[in-house]
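Colleague: With the sequences and hints as input, model every part of the structure.
According to the working numbering, the sequence shown is numbered sequentially starting from 1.
Hints were generated in silico from the structure; no laboratory data involved.
Here the structure is a predicted model, which means the values were calculated and not measured.
We treat Cβ as the ideally placed atom computed from N, Cα and C, and that holds for glycine.
Here are the simulated lysine-lysine pairs, DSS-like style, with alpha carbons at most 30 Å apart:
#1 K4 x K172
#2 K100 x K28
#3 K4 x K28
#4 K76 x K100
#5 K6 x K100
Okay, the calculated beta carbon distance ranges per label pair:
#6 T47 x R171: 19 to 25 Å
#7 D80 x A40: 15 to 21 Å
#8 M91 x D165: 26 to 32 Å
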Amino acid sequence: MLNKFKPTWMVESIYHITPEQLEKNNIKGVLTDLDNTLIAWNNPEGTQELKDWIALMKENAVPVVIISNNSDKRIKIIADKLQLAYVPRSMKPSRRGYIKAAEQLQLPLDQCLMVGDQLLTDVFGANRAGVKSVWVMPIINSDGWNTRINRFFERKLLKRLLKNDPGMIWRKSLD
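Modeller: What follows is the structure in structure tokens.
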């Protein structure tokens with residue numbers, strides 16, 4: 001039961017993930033959460049580090065798709081600025097958004113990687129869909145009201161996960 005919430009990897013930041021690491025793990029496309037994974041939830045502009053990371057992925061022909069529970073209107077503004085495809089109202093942890101994103105990339109689910117900052121939505125949904133997952137630290141330590149509820153349950157879940165697998169530690173890369 002607990003393994004449904006366990007990420008494939010725990011990496012401090014999405015910016016530590018490189019095209020070489022993805023290639024080594026047969027990953028051809030990245031699905032990513034938006035708030036507190038790509039951008040701070042309260043700052044839609046993004047950082048230069050984010051723009052550099054997206055450019056690196058594009059230079060190496062690794063497509064990136066935003067998969068978010070947010071509305072089309074909110075995501076479109078950010079996705080257009082970053083020149084990324086997106087799946088709005090993905091209903092994570094439902095499999096629906098992951099399947100849609102993989103179809104957009106024309107890739108099988110097992111060649112996709114989901115990157116997100118929440119166990120209960122991003123990681124659990126990826127596991128349900130058969131997608132490898134990276135759990136990252138939130139960009140900032142504050143959340144919207146709905147995410148705060150998830151974080152409460154996430155802390156309890158994490159204690160149990162760590163008890164069963166003390167090897168779950170934050171890393172600077174996939175390997």
